[in-house]
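Student: Letter by letter, the chains look like this.
Number of protein chains: 2
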Amino acid sequence: MINYEPLFSNSAKGMKRSEIRELLKLTARPGIISFAGGLPAPDLFPVEEIKEMSRIVLEREGRTALQYGPTEGDTRLREELAKMMQKDGINITSNHLLIVTSSQQGLDLTGKVFIDPGDVVLTSRPTYVGAIQAFHAYGARMIGVEQDEEGTQTAQMEAEIEKLAAKGVKPKFIYEIPDFQNPSGITMSLKRRQEILRIAEKYDLVVIEDSPYRQLRFEGKTEPSLLGMNSERVLGLYTFSKILLPGFRLGWMAGPNELIQKAVTAKQSVDLCSPPFNQAILFEYLSRGLLEKQIKVIIKAYREKRDFMLAMLGKYMPKLPGLKWTQPQGGLFLWVTLPEGMDTAEMFHSAIEKQVAYVVGTAFYPDGGGRNSFRMNFSYSSMAEIEEGVKRLSEVISSWKGGREASIITP
Amino acid sequence: MINYEPLFSNSAKGMKRSEIRELLKLTARPGIISFAGGLPAPDLFPVEEIKEMSRIVLEREGRTALQYGPTEGDTRLREELAKMMQKDGINITSNHLLIVTSSQQGLDLTGKVFIDPGDVVLTSRPTYVGAIQAFHAYGARMIGVEQDEEGTQTAQMEAEIEKLAAKGVKPKFIYEIPDFQNPSGITMSLKRRQEILRIAEKYDLVVIEDSPYRQLRFEGKTEPSLLGMNSERVLGLYTFSKILLPGFRLGWMAGPNELIQKAVTAKQSVDLCSPPFNQAILFEYLSRGLLEKQIKVIIKAYREKRDFMLAMLGKYMPKLPGLKWTQPQGGLFLWVTLPEGMDTAEMFHSAIEKQVAYVVGTAFYPDGGGRNSFRMNFSYSSMAEIEEGVKRLSEVISSWKGGREASIITP
Numbered sequence: 000m001i002n003y004e005p006l007f008s009n010s011a012k013g014m015k016r017s018e019i020r021e022l023l024k025l026t027a028r029p030g031i032i033s034f035a036g037g038l039p040a041p042d043l044f045p046v047e048e049i050k051e052m053s054r055i056v057l058e059r060e061g062r063t064a065l066q067y068g069p070t071e072g073d074t075r076l077r078e079e080l081a082k083m084m085q086k087d088g089i090n091i092t093s094n095h096l097l098i099v100t101s102s103q104q105g106l107d108l109t110g111k112v113f114i115d116p117g118d119v120v121l122t123s124r125p126t127y128v129g130a131i132q133a134f135h136a137y138g139a140r141m142i143g144v145e146q147d148e149e150g151t152q153t154a155q156m157e158a159e160i161e162k163l164a165a166k167g168v169k170p171k172f173i174y175e176i177p178d179f180q181n182p183s184g185i186t187m188s189l190k191r192r193q194e195i196l197r198i199a200e201k202y203d204l205v206v207i208e209d210s211p212y213r214q215l216r217f218e219g220k221t222e223p224s225l226l227g228m229n230s231e232r233v234l235g236l237y238t239f240s241k242i243l244l245p246g247f248r249l250g251w252m253a254g255p256n257e258l259i260q261k262a263v264t265a266k267q268s269v270d271l272c273s274p275p276f277n278q279a280i281l282f283e284y285l286s287r288g289l290l291e292k293q294i295k296v297i298i299k300a301y302r303e304k305r306d307f308m309l310a311m312l313g314k315y316m317p318k319l320p321g322l323k324w325t326q327p328q329g330g331l332f333l334w335v336t337l338p339e340g341m342d343t344a345e346m347f348h349s350a351i352e353k354q355v356a357y358v359v360g361t362a363f364y365p366d367g368g369g370r371n372s373f374r375m376n377f378s379y380s381s382m383a384e385i386e387e388g389v390k391r392l393s394e395v396i397s398s399w400k401g402g403r404e405a406s407i408i409t410p
Numbered sequence: 000m001i002n003y004e005p006l007f008s009n010s011a012k013g014m015k016r017s018e019i020r021e022l023l024k025l026t027a028r029p030g031i032i033s034f035a036g037g038l039p040a041p042d043l044f045p046v047e048e049i050k051e052m053s054r055i056v057l058e059r060e061g062r063t064a065l066q067y068g069p070t071e072g073d074t075r076l077r078e079e080l081a082k083m084m085q086k087d088g089i090n091i092t093s094n095h096l097l098i099v100t101s102s103q104q105g106l107d108l109t110g111k112v113f114i115d116p117g118d119v120v121l122t123s124r125p126t127y128v129g130a131i132q133a134f135h136a137y138g139a140r141m142i143g144v145e146q147d148e149e150g151t152q153t154a155q156m157e158a159e160i161e162k163l164a165a166k167g168v169k170p171k172f173i174y175e176i177p178d179f180q181n182p183s184g185i186t187m188s189l190k191r192r193q194e195i196l197r198i199a200e201k202y203d204l205v206v207i208e209d210s211p212y213r214q215l216r217f218e219g220k221t222e223p224s225l226l227g228m229n230s231e232r233v234l235g236l237y238t239f240s241k242i243l244l245p246g247f248r249l250g251w252m253a254g255p256n257e258l259i260q261k262a263v264t265a266k267q268s269v270d271l272c273s274p275p276f277n278q279a280i281l282f283e284y285l286s287r288g289l290l291e292k293q294i295k296v297i298i299k300a301y302r303e304k305r306d307f308m309l310a311m312l313g314k315y316m317p318k319l320p321g322l323k324w325t326q327p328q329g330g331l332f333l334w335v336t337l338p339e340g341m342d343t344a345e346m347f348h349s350a351i352e353k354q355v356a357y358v359v360g361t362a363f364y365p366d367g368g369g370r371n372s373f374r375m376n377f378s379y380s381s382m383a384e385i386e387e388g389v390k391r392l393s394e395v396i397s398s399w400k401g402g403r404e405a406s407i408i409t410p
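Residue numbers (numbering that gives the first Met the number 0), protein chains in the order written: chain A, 0 to 410; chain B, 0 to 410.
For the record, the hints were derived by calculation from the structure and aren't laboratory data.
A quick note: this is a predicted structure, and the numbers were derived from the prediction, not measured.
It cannot be assumed that every hint is accurate.
For chains that are exact copies, the list does not tell them apart, and a pair is met inside one copy or across any two.
[Claimed, not checked] For lysine to aspartate or glutamate, the following DMTMM-like pairs were computed, each having C-alpha atoms within a straight-line distance of at most 20 Å:
hint, residue 1, residue 2
1, K12, D115
2, K50, E60
3, K390, E4
4, K169, E4
5, K166, D115
6, K12, D203
7, K292, E71
8, K201, E4
9, K323, D306
10, K12, E257
11, K12, E303
12, K220, E60
13, K220, E194
14, K295, D87
15, K299, E384
Just chain A, same shape as in the assembly (with noise of 0.2 Å):
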């Protein structure tokens, strides 16, 4: 047997699989009620207009589609993309936009980019495991900041960047999912908005500001966006997974010509191109309007949906002191708090043998926190497969006595 360890890169040798993914495969048991993953509703994706967009592409330009493209993406995409964006109030053109093979991919460039090992970003607490782990492999040293209601709490990450001054330490980058965040659900109010892109200003920072579900609001009021606000010190990211299908894997970044070159120039060491055959395809259905439509159809069946699960939580939930969940605008995910003291990581096996799943609140810290809080996903599952899911998670929470069990998930 060969030793590989010694081979490994420091980060190779620190990463370990994401919990999410791994919990993912659990969702494929018979019977399991899956809260855990971040799926959209395949029931809603536009099969038929898909099938029929990628015809017209292979008849009219299948040569092109599915040779080389460039690093920066199909240009017609990008127009599209463009003008999608300046209805949302960002002043931007196709020279300020980069496909990319998934939004996890413009984490990654991110990365690549921006990170040395032991470089600091900043972020909220909890966050998105994906830029978490993203960042990591990158040799990242993450700081989090306490969020409430109204998002991050600006002066306590104003307080830790002070801190870090006084050791001599810059951080690289802050890190924001502005809108219906994941986990948490949280949207940033207007105000903190304005106290991030102070910081930037007064640090000399840059804000990355991830941005899967924006379209996605059911109700109230829209934020306008980090992007929108400052496009000299924000670089946004934005998906097609969460407003269209994640099966194609392109998501887009956009902000300041010299960052989003930076980015091509890592795009080519990475992957090239993202396929131009999907793109030609996204670039046919968002050309006939057909996206508007879509994301109006997405909008309403999870709204109904997340109005059940808050339903649901409020007929079956047991009334503990703490035990709290937040009512997002929009987005896939809510997120529970359980009393102080109870451990979702030690309760998950529980829940697993109920039959229910959810991700424990660990995954989504990146410097330890948040034991008694998991992350729940709306838009994946039926009604049905609601209520019996959180009537299950409910009985698991009541009767849970805790720490006796041993976890299967170790954050």
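The hints should help you fit chain B onto chain A, whose structure is shown.
Tutor: Below, chain B without anything else, positioned relative to chain A:
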């Protein structure tokens, strides 16, 4: 204006845009005959079959194909690929196989899994420019070893390893393209393959076998693959780009399970999974035995093009001392060496003026060298273009006095 430079990672600061990608832009200029890119011939793409397979996939399994998929890739596709590799003498199952988003991603994952800044990687010189970029992005120090007509000079490689060992440095891996190497077109002899593996055993190293062209042999005897000869020390990289089409951005990695598992973990932070839609289409295509037929079509067409390019080089090239080119038995490229002292980077400007393009040799040298050489692709151009392009190139070389013009590409 913001100065982003201090925020960039060390590798991003040093990133230069790929010369190949920049050169590809020149191919879009009307009138230019380009031997620069590594593009397959688009008129051979099986557009009709892909259209039919797309339709079948969307009708039968649209909701699954458009959803997220497992990081490892579509199980059915992995099984088809394992069968194909078994026929090539590689004793492997689908558990030893990971679908990647192009073999360029395979190179990037290799970098992520093995390389810390300053780590040494051994390659032949010249070698694939995309590998140089991918490994450099992780801070690799690449040491190149000269090739001859049998491939990498293994005695020299062993001497390099000994020199490093004397300084207490152990390389992370050896990177090789044993079949129809990019850029040289050279195929490694059996004896050298055995030597590479002996060296890997002796010094406890892993070998990365990059194998995009292996199935495109026009003539002569197929040597066993490195992975077929040693299943414990070799990690293989493969792609559909050259044997079928690049527009799906799909390839695969194969090797020891422990290395594949590490790559799976790394891939989770890179793009979660490769496009399930594209994978399902390729599964359909492979399961019908269409790939084997397609490879035969490609071999026939590329053999004719290679023959014709060799004939045209013989007919038009000036008789200069030291001017020579390789005679590849397969693949997409051949390699031209000019008389000592000539500089193909300086000459490039004249070539573009004459409306013909190649890739300058220095692009393929990780540590300097190759100034009097360039790479030519024979898969993309038509017969008429090959004749006219070689004629133009011969005129450029004949009339080149050297040194007086500014280079537009500085390697």
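Student: Please go over all the hints and tell whether each is borne out by the structure.
Tutor: So, going through the hints one by one against the coordinates:
1. Proximity of K12 to D115 under the C-alpha cut-off of 20 Å is found in both arrangements, the shortest distances being 17 Å within a copy and 11 Å between copies.
2. In this assembly of identical chains, K50 and E60 lie within 20 Å of each other by CA distance both inside one copy and across copies; the values are 15 Å within and 12 Å between.
3. When the C-alpha separation of K390 and E4 is checked against a cutoff of 20 Å, the pair qualifies neither within a copy, at 45 Å, nor between copies, at 53 Å.
4. For the identical chains of this complex, K169 and E4 are inter-copy neighbours only, at 14 Å across copies versus 33 Å inside a copy, given an alpha-carbon limit of 20 Å.
5. In this assembly of identical chains, K166 and D115 lie within 20 Å of each other by CA distance solely inside one copy; the values are 18 Å within and 26 Å between copies.
6. Proximity of K12 and D203 under a CA criterion of 20 Å is satisfied inter-copy only: 18 Å between copies versus 33 Å inside one chain copy.
7. With identical chains, the CA atoms of K292 and E71 are never at most 20 Å apart, being 27 Å at best within one copy and 33 Å at best between copies.
8. In this homomeric assembly, K201 and E4 come within 20 Å of each other (Cα to Cα) only across copies, at 17 Å, whereas the closest approach inside a single copy is 43 Å.
9. Taking the closest pair of Cα atoms, K323 and D306 come within 20 Å of each other only inside a single copy of the chain (16 Å); across copies the shortest separation is 74 Å, beyond that limit.
10. Only between protomers do K12 and E257 lie at most 20 Å apart by alpha-carbon distance; the minimum there is 12 Å, versus 33 Å within a single protomer.
11. Taking the shortest alpha-carbon separations for K12 and E303, neither the intra-copy value of 44 Å nor the inter-copy value of 48 Å comes in at or below 20 Å.
12. Proximity of K220 to E60 under the C-alpha cut-off of 20 Å is found in neither arrangement, the shortest distances being 42 Å within a copy and 38 Å between copies.
13. For a Cα distance limit of 20 Å, the shortest separation of K220 from E194 inside one copy, 19 Å, qualifies, whereas the shortest one across copies, 68 Å, does not.
14. Taking the shortest Cα distances, K295 and D87 sit within 20 Å of each other inside one copy (15 Å), while across copies they are farther apart (51 Å).
15. With identical chains, the CA atoms of K299 and E384 are at most 20 Å apart within one copy only, with a shortest distance of 18 Å there and 56 Å across copies.
Comparing the model with each numbered hint stated earlier shows that hints 3, 7, 11 and 12 do not hold.
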